[in-house]
Amino acid sequence: MKFSEQWLRGWVNPQVSRDELVARLSMAGLEVDSVTPAAGQFSGIVVGEILATEQHPDADKLRVCQVSNGQETFQVVCGAPNARPGIKIPFAMIGAELPGDFKIKKAKLRGVESFGMLCSAAELQISEENDGLLELAADAPVGEDIRQYLNLDDASIEIGLTPNRGDCLSIAGLARDVSALYDVPVTRPQVPAVAPAHDEVRPVEVCAPAACPRYLGRVIRNVDLSKPTPLWMVERLRRSDVRSIDAAVDITNYVMLELGQPMHAFDLAEINGGIRVRMAEEGEKLVLLDGQEVALRADTLVIADHTRALAIAGVMGGEHSGVNTEKTRDLFLESAFFEPISVAGKARSYGLHTDASHRYERGVDSQLAREAMERATALVLEIVGGEAGPIVEAVSEQHLPKVAPVTLRAERINQMLGMDMDAAQVEQLLNALELKTSADGAGQWTVEVPSHRFDISLEVDLIEELARLYGYNNLPVRYPQARLAPQTRPEARGELPTLRRLLVARGYQEAITYSFIDPKLFELFTPGVEPLLLANPISSDMAAMRASLWPGLVKALQHNLNRQQDRVRLFESGLRFVGQLGDLKQQPMIAGVATGSRLPEGWANGRDSLDFFDVKADVEALLGYSGALDDFTFVAGKHPALHPGQTARIERDGKEVGYIGAIHPELAKTLGLERPVFVFELVLSDVVEGRLPKFSELSKFPEVRRDLALIAGRDVASSSVLEVIRDNAGEWLTDLRLFDVYQGKGIDPDRKSLAVGLTWQHPSRTLNDDEVNTTLQNILTSLEQRLNTTLRK
Numbered sequence: 001m002k003f004s005e006q007w008l009r010g011w012v013n014p015q016v017s018r019d020e021l022v023a024r025l026s027m028a029g030l031e032v033d034s035v036t037p038a039a040g041q042f043s044g045i046v047v048g049e050i051l052a053t054e055q056h057p058d059a060d061k062l063r064v065c066q067v068s069n070g071q072e073t074f075q076v077v078c079g080a081p082n083a084r085p086g087i088k089i090p091f092a093m094i095g096a097e098l099p100g101d102f103k104i105k106k107a108k109l110r111g112v113e114s115f116g117m118l119c120s121a122a123e124l125q126i127s128e129e130n131d132g133l134l135e136l137a138a139d140a141p142v143g144e145d146i147r148q149y150l151n152l153d154d155a156s157i158e159i160g161l162t163p164n165r166g167d168c169l170s171i172a173g174l175a176r177d178v179s180a181l182y183d184v185p186v187t188r189p190q191v192p193a194v195a196p197a198h199d200e201v202r203p204v205e206v207c208a209p210a211a212c213p214r215y216l217g218r219v220i221r222n223v224d225l226s227k228p229t230p231l232w233m234v235e236r237l238r239r240s241d242v243r244s245i246d247a248a249v250d251i252t253n254y255v256m257l258e259l260g261q262p263m264h265a266f267d268l269a270e271i272n273g274g275i276r277v278r279m280a281e282e283g284e285k286l287v288l289l290d291g292q293e294v295a296l297r298a299d300t301l302v303i304a305d306h307t308r309a310l311a312i313a314g315v316m317g318g319e320h321s322g323v324n325t326e327k328t329r330d331l332f333l334e335s336a337f338f339e340p341i342s343v344a345g346k347a348r349s350y351g352l353h354t355d356a357s358h359r360y361e362r363g364v365d366s367q368l369a370r371e372a373m374e375r376a377t378a379l380v381l382e383i384v385g386g387e388a389g390p391i392v393e394a395v396s397e398q399h400l401p402k403v404a405p406v407t408l409r410a411e412r413i414n415q416m417l418g419m420d421m422d423a424a425q426v427e428q429l430l431n432a433l434e435l436k437t438s439a440d441g442a443g444q445w446t447v448e449v450p451s452h453r454f455d456i457s458l459e460v461d462l463i464e465e466l467a468r469l470y471g472y473n474n475l476p477v478r479y480p481q482a483r484l485a486p487q488t489r490p491e492a493r494g495e496l497p498t499l500r501r502l503l504v505a506r507g508y509q510e511a512i513t514y515s516f517i518d519p520k521l522f523e524l525f526t527p528g529v530e531p532l533l534l535a536n537p538i539s540s541d542m543a544a545m546r547a548s549l550w551p552g553l554v555k556a557l558q559h560n561l562n563r564q565q566d567r568v569r570l571f572e573s574g575l576r577f578v579g580q581l582g583d584l585k586q587q588p589m590i591a592g593v594a595t596g597s598r599l600p601e602g603w604a605n606g607r608d609s610l611d612f613f614d615v616k617a618d619v620e621a622l623l624g625y626s627g628a629l630d631d632f633t634f635v636a637g638k639h640p641a642l643h644p645g646q647t648a649r650i651e652r653d654g655k656e657v658g659y660i661g662a663i664h665p666e667l668a669k670t671l672g673l674e675r676p677v678f679v680f681e682l683v684l685s686d687v688v689e690g691r692l693p694k695f696s697e698l699s700k701f702p703e704v705r706r707d708l709a710l711i712a713g714r715d716v717a718s719s720s721v722l723e724v725i726r727d728n729a730g731e732w733l734t735d736l737r738l739f740d741v742y743q744g745k746g747i748d749p750d751r752k753s754l755a756v757g758l759t760w761q762h763p764s765r766t767l768n769d770d771e772v773n774t775t776l777q778n779i780l781t782s783l784e785q786r787l788n789t790t791l792r793k
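First residue of the sequence shown? That's 1 in full-length UniProt numbering, and the numbers climb one at a time after it.
It cannot be assumed that every hint is accurate.
Label-pair restraints from in silico Cβ distances [unchecked claim]:
| id | residue 1 | residue 2 | range |
| --- | --- | --- | --- |
| 1 | S438 | E200 | 44 to 52 Å |
| 2 | I341 | L458 | 16 to 24 Å |
| 3 | L629 | L496 | 16 to 24 Å |
These are calculated hints, taken from the structure and not from any lab test.
Values in this document were obtained by computation on a predicted structure and should not be read as measured data.
We put the beta carbon where it would ideally sit given N, CA and C, even for glycine.
Let the sequences and hints guide you as you build the complete structure.
Spelled out as C-alpha cells, the structure:
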C-alpha cells in the first residue's frame with residue numbers, strides 16, 4: 001500500500017515529524033518499506049505559459065518559445081515535441097536549481113539565446129515520464145511556485161502489510177490506526193446521501209448470494225467524461241502509484257484508496273437489461289480490459305447482464321464494461337461485497353493481479369459499499385456532472401459475515417504482556433480502533449468487533465492490538481524464572497559434533513539435503529515400500545518423505561561429478577521417516593557416500609580407486625569412536641539399492657543398525673553413474689552409545705605370538721573364524737589379526753586360505769609353550785568342528 005503523506009495528514013495530523021511517524025507505523029506492525037519524496041530538490045521553478053512558438057532557424061527539432069511568468073516574457077529554446085502556444089508548463093528561470101545541483105544560466109543554442117528552461121516531469125523527478133513537457137491545468141496560476149502549486153513538499157510512503165491487515169489498505173484504515181497511536185481525532189470527509197435526480201434504475205439479481213451477499217448499483221446520466229480529472233486527485237493517485245486514466249476510472253480508484261472499497265464504473269449503454277451476479281459457465285469466454293481473452297471456469301464469480309459476462313467479480317472488468325471518454329454518456333456505478341474465499345486465488349489462476357483483487361482476497365468491510373457509492377457519486381457529479389438515480393441494492397443478510405463479541409480479561413493481558421495495564425487505558429486504546437468495550441467491573445470486558453476488523457475473533461487478537469498500540473518497545477523486559485536442574489548425560493554416550501569432525505578429518509564434507517524427495521527416487525532406493533506423501537508439496541519432485549538419506553546424498557554426488565569433481569566424499573546426519581501417519585517413526589541417521597580415488601591427487605599418492613574396504617574403514621572409525629567397536633559385526637546382507645556381492649549388514653548384539661555397500665549396477669545405470677559409488681547408513685543412536693574404557697595394568701612379561709594358516713570354505717566368513725578363535729583363545733589373548741586371504745594356485749577352488757596372527761600376554765608371569773600349544777589345539781579343534789576349517793599343510 002502506497003499513499004501520500006499529505007493525504008493521510010488531511011485525515012489525521014499528529015504533531016510529529018515524518019521520520020517519527022514512519023518509525024511509529026513500523027513499530028505498530030505497519031512496516032514501512034520506503035519513503036519517496038514527491039519530487040526532487042529544486043527551486044526557482046514557476047508556472048509558465050507559452051505565448052508563442054516559432055521554428056528554430058538552424059535546428060529542425062528545436063522551437064523558440066515566448067514564455068510568460070506572469071510579469072515578463074522570456075525567450076526560451078525548447079526541443080519538447082508538445083511545446084505549443086497556450087499550454088502552461090514548469091518554467092525554470094535564470095538562477096533556478098534543478099535536481100542534481102543543476103543551475104539554470106543564460107545560454108545560446110545553435111546561435112539563439114535562451115533565458116531559462118521548460119521542464120518535463122522526469123527533469124523535476126516527479127515521475128519517469130520524459131516524452132515532453134509537463135502540461136499543467138489550464139487554470140494554473142502563472143508565476144506561482146511550482147512546488148506550492150503541486151504541493152510537492154510531500155512524500156509517498158509504502159507499507160508492507162501482512163495479509164490479515166486488509167483494513168489498512170486505505171487512507172481511512174491508516175488514519176484509524178494513526179489516530180489510536182497518537183490519540184488525535186480523525187477528520188473524515190462528510191459523505192451525505194445524494195438525492196436522486198431521476199428514477200432510472202437497472203435491476204440487480206444476485207444468483208450466488210454466498211459469494212456476493214451485497215451488491216449496489218446506481219445509474220448516473222449525462223456525464224461529460226471529456227472533462228479532465230482535477231489536479232489534486234491526479235497527484236494523490238500518482239503518489240499512491242496509480243496512473244490517471246479518465247475521470248470515471250480515476251474516481252473509482254480514488255474511492256478505493258480513500259475508503260478501501262473497490263468499485264467499477266460501467267458504460268450503461270453496454271449493459272443489456274439488468275445486472276446478474278452469477279457463477280460463470282464452464283469455458284465461457286471473456287475479453288478483459290487489458291485485451292486478454294480468458295476461458296472462465298465454473299467456480300468463477302462474474303458480473304453479467306442478461307446476455308453475457310461483463311467482468312470477473314472482484315478482479316477485472318471486460319471489454320464491454322469499460323467507459324469511453326468520447327462515447328460514454330451514462331454510467332452504472334457498482335459497489336459490492338464479495339466473500340473473500342470465493343474470490344481468493346481467482347486473479348492468480350488467470351494470470352492477473354489487480355488492486356481490487358488484492359483487497360477483496362484480504363477482506364473488504366461488508367458495511368462499506370453504500371458509503372463508497374455515495375462518495376463516488378458525489379465526486380462524479382462534482383467533476384464530470386450528470387444526474388444520479390436511486391441506489392439499487394441486493395443483499396442477503398444471512399450470508400453477510402457476523403462477528404461475535406470477544407471477551408477480554410485483565411488477568412490474561414498481564415499474563416501475555418508481562419504488565420498490568422490500566423483499565424482506562426485498555427478502553428481508550430480499543431475504543432480508538434472503534435472496538436466498543438463494555439466492562440463488567442471484575443477485570444473483564446466484552447468487546448464488539450466492527451465489520452472492518454475481520455481479523456479479530458479471539459482474545460489474543462485484542463491483546464495483540466493493545467501491545468502494538470502501547471508500543472512493543474515500551475513493554476517491560478522480564479526474564480523467565482524457573483527452577484532448572486542440570487540434566488545428567490551418560491559419560492559413555494558420544495556426541496554428533498564429534499562424529500562430524502571425525503568424518504571431516506577422513507576427507508568427507510558435510511551435506512544438507514531436503515527431507516522430501518521425488519517419489520520416483522524413493523521407489524528406486526526402497527522399492528515396495530509405501531512412501532509418506534506430503535499433502536501440499538513444494539513441487540511434484542519433492543512430494544515424498546525420505547526413508548533413507550541415500551537419495552539426497554547421491555543427488556548431491558551427481559551434482560559434484562557433473563562439475564568435474566572426480567573425488568567426492570559426502571556425509572549427512574538427519575531424520576528418516578518410516579511408516580505412515582499414526583505409526584510414523586522419525587529416526588536420526590548418519591550416512592555417507594564416496595567415489596573416486598583412494599587418496600587425493602599428489603606426486604606421492606597412487607591412483608588406486610576407492611573400494612569397499614576403504615569405506616568400511618571409515619565406518620569402523622565411526623563405530624569405534626564410542627569405544628564399543630567389538631560390539632559391531634559386518635554380516636553379508638542384501639539390500640535392493642546395493643550390489644549383491646558388495647553389501648554388508650551392520651549389527652550390534654544381533655540388532656540391525658545399518659548397511660554399507662556399493663550402489664547396485666542397475667540403479668547406477670538408471671541414475672547415470674558411470675563409476676563405482678559406495679554408501680553407508682547407520683542408526684545414530686546405536687553409533688553414539690558406547691562404553692567407558694577401563695584401565696588394565698600393563699604387563700611387564702613378554703608376549704607370545706603364533707601365526708596360523710587356515711583352510712576354510714569359500715563361503716565361510718572371516719568374522720566367523722575370528723569369533724571361534726576368540727571364544728577359545730582364553731582370557732589372556734591381547735590381539736587377533738587377519739593379515740592375509742588367499743585363493744588361487746595350490747588351493748581347492750572351493751576353499752580359501754586365511755592367515756591369522758594371535759598374541760597372548762599374561763599380567764603376572766611368562767606363558768610357557770605347553771599352555772600356548774594347548775590353547776592352539778583347542779582353537780583348531782573348535783574350528784574344524786564348527787566351521788570345517790583346518791590347519792593348512
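For each hint, the structure was consulted:
| no. | hint | in the structure |
| --- | --- | --- |
| 1 | S438 / E200: 44 to 52 Å | holds (46 Å) |
| 2 | I341 / L458: 16 to 24 Å | holds (19 Å) |
| 3 | L629 / L496: 16 to 24 Å | holds (18 Å) |
Every hint, counting from the list given before, is met by this structure.
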